[in-house]
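Now that you have both chains on their own, put them together as the hints suggest.
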Amino acid sequence: MQLSQRAPSWRALLAMGAFTVLVLPFAAAADETSPAAGLPLEEQVQYCGFCHGSDGNSTQPGTPSLAGQPALAITNQLIYFRERLRQSEIMTPQARGLDDEEIQAMAAYYADQPVAEPEGERDADLAKQGQEIVTSQGCASCHSSDYSGREQMPRLAGQREDYLFAAMVAYRDRTRGGPDTTMIDIMRGISDEDIEAMAHHLAHFDD
Amino acid sequence: MTLPVFTRLTLAISAASLMLVSTMSAAEEEPQPAWAQGRSAEMAGSSLAPHATPMTTTAEENIPVDDIRLPDGFSAEIWANGMPGARMMALGDDGTLFVGTRSIGRVYAVQDNGEEREHQIIAEGLTQPNGLAFKDGSLYVAAINRILRYDDIESQVADGTISDPEELTDAFGLPDDEHHGWKFLAFGPDDRLYIPVGAPCNGCEVDEDSHATIHSFEPDGSDMQVVARGVRNSVGFDFHPETGELWFTDNNQDWLSEHGPNDELNRVSEPGAFYGFPVCHGIGIVDPDLGSEGSCDGVTMPVATMDPHSAPLGMRFYDGEMFPEEYQNAIFIARRGSWNRALSVGYDIQVAKISDDGERAGLSPFMVGLHDPHENDFSGRPVDVLQMPDGALLVADEQNGAIYRISYETPDYDAE
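Here the protein sequences line up with chains A and B, keeping their order. Okay, so the first sequence: first residue is 1 according to this note's numbering, each after it adds one. Okay, so the second sequence: first residue is 1 according to this note's numbering, each after it adds one.
Excised from the complex, chain B in its bound form (with noise of 0.2 angstroms):
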């Protein structure tokens, strides 16, 4: 058993060296830009720094989608583009999906007639509306800090005319920091809406029942619960199909190193469980600053982790038809790509398969090829998946404002 030895090393020393950069970092209090936080002094040089994303419409022809790699059988096409800034996806009962973005304030909505997509502006102006759910009828709109209810939307939409939402924000009373203040929304089998708030910091204090958590509400804003504590940025989760445990996805500190902490596929299996932030990362890295001997005791470990600086994001699982069996009550995870490192990864769609006891699971690519590790670039950025009924799924590149589909058909080997 000379693996978990090695592992054991291998975190001593990445953590030892964690703990070096941070005490050079704490020397420097010059203000900076939100995402500079925690950037030590000499690192100050660094060319390090969160990629724009473009704002502007990618032209049909310039969409990488012949970039993407998938395994056998598996095949990508344009399925809906023009929309800047594509982020978090919803599906209506009607089949209307909606989109969310960040920057460019917008949400829309994509009609499909069978042959093409058409896409309409359904809301402009806000606040990173990123968070989107659908429940009887109504689309649920978070932006910072609002929540906003567009009930009977999609007959709304098939009209072409949009009526003020319900304004849902005081009865949800969510905080206004904007730093990791992008929502993520679902509904879970409870019939509740989750919502999570994100430390409004790099790395920082918080207070444990209002920043870095995922609360439940009831979808009149009522009756707030802290489902998960020590949660750093989760901009994805899901409900697992048979158990309907929530799953989340969990984005980690920047500027501690180049090569952690990891990123995290989180499970709640115990409601209001701690999950490490600000003290604790990935798997029992002790933080530098705020951490001290011990501080990963207790917390709850992740189930899988991922590269660091990947950027997990929106995540579903699987249980459509069209797949083969080996993808059933598999995750689907986006990975927006790094740029707090200078060896960048990610920029792909994941797959984590879920071990039998249903507490670990493991991760392998899946939809590669917008990510060219040889230049350090990438073409696309995978922000959210989504199944549609036909078993199909759908990918978000918010990059491109494009909206991918991945179909499968039983490949023929015997065939020219």
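So that you can see chain A by itself, here it is in the shape it has in the complex (with noise of 0.2 angstroms):
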């Protein structure tokens, strides 16, 4: 399929491990309290910037970038893991115990962050096919017509193609817990081959 023709395959890395084995350092935060806690901004950061990029635009598999989300769409994700709202063995030992005004500070920090140009080559059949369905799909009235976000709602254009496929596919599933249920009903019935092109016209996405 044309996907693993264009460069080696983001799922297969994903099923590999390459996710885990960046993610140890972590591994210690047993106590229930984020390391990053207490700290400076800039420290804070750090700690994000180990598996989100020094500067919020990803470079790891399966990570999201956080470079040029709308502020409250990082915080409210950030309090739903604090909250055990949304469940996650890697973000929630991250933000427990992170107060508001760090949680808000640093979402304000990256929603400053330019977003870098996507990784892989565009594939315009494949963003045509994936326009057709973003279109029909009306994903412009909540994320905004240039995909940037608005509000609680996050920025589609630039994020990373792997999570973005992977974050539709876990909606569609129901695998992703949390209260957001609203994009449950969007992708209902979608499937993998039109959640790839959605992912890649989004990923690419250029206005």
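No wet-lab data here; the hints were simulated from the structure. Since this is a predicted model, take the numbers as computed values, not measurements. Hints should not be assumed to be uniformly reliable.
Claimed, not checked - A few chain B residues facing chain A, derived, Cβ under 7 angstroms: (1) 32; (2) 33; (3) 52; (4) 55; (5) 56; (6) 57; (7) 103; (8) 105; (9) 124; (10) 125; (11) 178; (12) 188.
Said to hold, decoys possible - Computed far set for chain B versus chain A, every beta-carbon distance over 10 angstroms: (13) 145; (14) 169; (15) 210; (16) 259; (17) 291; (18) 297; (19) 320; (20) 341; (21) 343; (22) 410.
Don't be surprised by glycine CBs; every beta carbon is placed ideally from N, CA and C.
The following block contains the structure:
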């Protein structure tokens, strides 16, 4: 299939456990208080940067970029992790013990970071196919016409393609916990192939 | 008598325009968020969407208590704050105030040492634990779709350690729909627990015994009865201090029109009565999709109506001794404020005064100032009210995670 011809499959990378290896520095966070809690912002973002990229543009398969996300989108997700409303073995320990002001400061920092160029080559056919589905699904009505996000709705443009794919699949399969159930309805019944195309279009979206 | 004719005409015109809008919407079957259900094709580009509720603490200096305006003699102060998403309130016998939330999933307990209030989080990670009721030492919490009972809760709060609650979810057997699935809770004078089940949609056909209803149960979840039918989404009710009748607010359908249908205040004079959803809204507006001629026949009409989309939620009768006589047995109603109209409305406390025959009510503003109609903006969202033993009125502001205390002193107009 097209995807595997472009680059080493990120899904294969995920299967190989590339993700887990990079997360190891945090294995000690068993006391349920984030290692970043209470630190100055510049040190906190170094912790985040291990996985999410030093400038908020993630180069790690499966890990989303935070650069250019609406501040409220980051704030809400961190609070969902902290409150155990969105279950994640990785992120909940990072968020426990962060107070609201710390979360809001980190969110504001990442909202201000410029979005990097996407990894990989854009496939015009796949992007066009994705564009049609993205349009018919009405994604822009919440995520803005340039897919830069709005309020609590995250930026999609320039997000990692593998993360977009995994997130949309997780919504469809109802394996992504958390209070944001709107996306479950949107993604219901969409095939893996269509989601691949959507993710490709959005990751390479350039207005 | 020109007024009634004019009113009927207005209704006819607005019903006709509603029908026009809906014919266009029927053709459109695109995937969309739950809140957008019923939005017509021509409204597809509309920026109207629910306002995000902050899940973060509002600093005390930013809480808009100074915006609040009240009738002469009344004043408002910040009674408690720092509780993001504060929604429905219930008071324990020993004075602990319990506060539910929606998206942040917490239940708070506030203790008053006489000078200041301290709060703690007694439950977290729940799905929209909005409804709370207190009875015989126990706190009942309604989340989606769970019913939990925390026994001997006030001494647990005093100790600062909260045991796992009794899980009554299976005993109550409520549906688990997320849409309009958050609950209000209250015990009636019959010692039964009253629980609404909203319509799982903006507008749709429902099973009239399971959805768009208000139910009552024995406290253990047995002996379910349907108290009211055709109630789209009630998130507030109380019982008349003298008659014991159930009165409730109801939120009507979105996207039908900027100016309709009105939200409602209702009264249950006949258990199991039908209040119109999904075929008849407000005062006699037939639903353009699901209704037909005669759909409003036999529907129990509201005792009063409120601005369309203004979102009346928590409401309580007042029978305290602090406020002037004219407020006895009146109802205070918190209006969270609109999102589904371009010109915003609500964000206030209304007072409903009941007619002598007990069958109708007249509304007027009581607490205003959080809504700025000039800027079409708001600084707070009142969602519930609660009368304290001294007769003061607490108001929960979900936007700011704050609770205001409204008190009264007879004004001295002669003083400088």
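Hints, one by one, checked against the model:
1. The beta carbon of residue 32 of chain B is positioned within 7 angstroms of a beta carbon in chain A (closest approach about 6 angstroms), and the interface hint is therefore held.
2. About 4 angstroms separates the beta-carbon of residue 33 of chain B from the nearest beta-carbon of chain A, less than 7 angstroms, and the hint is met.
3. Annotation: interface hint on residue 52 of chain B holds; nearest CB of chain A at approximately 5 angstroms, less than 7 angstroms.
4. Satisfaction of the interface hint for residue 55 of chain B is found here, the shortest Cβ-Cβ separation to chain A being roughly 5 angstroms, below the 7 angstroms cut-off.
5. Taking 7 angstroms as the C-beta contact cut-off toward chain A, the hint placing residue 56 of chain B at the interface holds, the least distance being around 4 angstroms.
6. For residue 57 of chain B, the interface hint holds, since its Cβ comes within 7 angstroms of a Cβ in chain A; the closest pair sits about 5 angstroms apart.
7. Look at residue 103 of chain B: its Cβ gets to within about 5 angstroms of chain A, closer than 7 angstroms, so that hint holds up.
8. Annotation: interface hint on residue 105 of chain B holds; nearest CB of chain A at approximately 5 angstroms, less than 7 angstroms.
9. Satisfaction of the interface hint for residue 124 of chain B is found here, the shortest Cβ-Cβ separation to chain A being roughly 6 angstroms, below the 7 angstroms cut-off.
10. Nearest Cβ of chain A to the Cβ of residue 125 of chain B: about 4 angstroms, under the 7 angstroms cut. The hint holds.
11. Annotation: residue 178 of chain B was flagged as interfacial toward chain A, and the flag holds, the nearest CB pair being 5 angstroms apart, inside 7 angstroms.
12. A distance limit of 7 angstroms between C-beta atoms decides the matter here; for residue 188 of chain B the minimum to chain A is near 31 angstroms, and the interface restraint is violated.
13. The Cβ of residue 145 of chain B sits about 13 angstroms from the closest Cβ of chain A, beyond the 10 angstroms cut-off, so the non-interface label holds.
14. With a closest Cβ-Cβ approach of about 18 angstroms to chain A, residue 169 of chain B is found to remain outside the 10 angstroms limit, as its non-interface label requires.
15. A cut-off of 10 angstroms between C-beta atoms confirms that residue 210 of chain B is not in contact with chain A; the least separation is 20 angstroms.
16. The Cβ of residue 259 of chain B lies farther than 10 angstroms from every Cβ of chain A, with a closest approach of about 23 angstroms, so its non-interface assignment holds.
17. At the 10 angstroms boundary, the C-beta of residue 291 of chain B stays outside the reach of chain A, the nearest C-beta of that chain being 25 angstroms off.
18. With a least beta-carbon separation of about 35 angstroms from chain A, residue 297 of chain B lies farther than 10 angstroms from that chain, consistent with its non-interface assignment.
19. The Cβ of residue 320 of chain B sits about 35 angstroms from the closest Cβ of chain A, beyond the 10 angstroms cut-off, so the non-interface label holds.
20. Taking the minimum C-beta to C-beta distance to chain A, about 18 angstroms, the non-interface status of residue 341 of chain B holds against the 10 angstroms cut.
21. No Cβ of chain A approaches the Cβ of residue 343 of chain B within 10 angstroms, the least distance being about 21 angstroms, so the stated non-interface status holds.
22. At the 10 angstroms boundary, the C-beta of residue 410 of chain B stays outside the reach of chain A, the nearest C-beta of that chain being 41 angstroms off.
Of the numbered hints stated above, the single one contradicted by the structure is hint 12.
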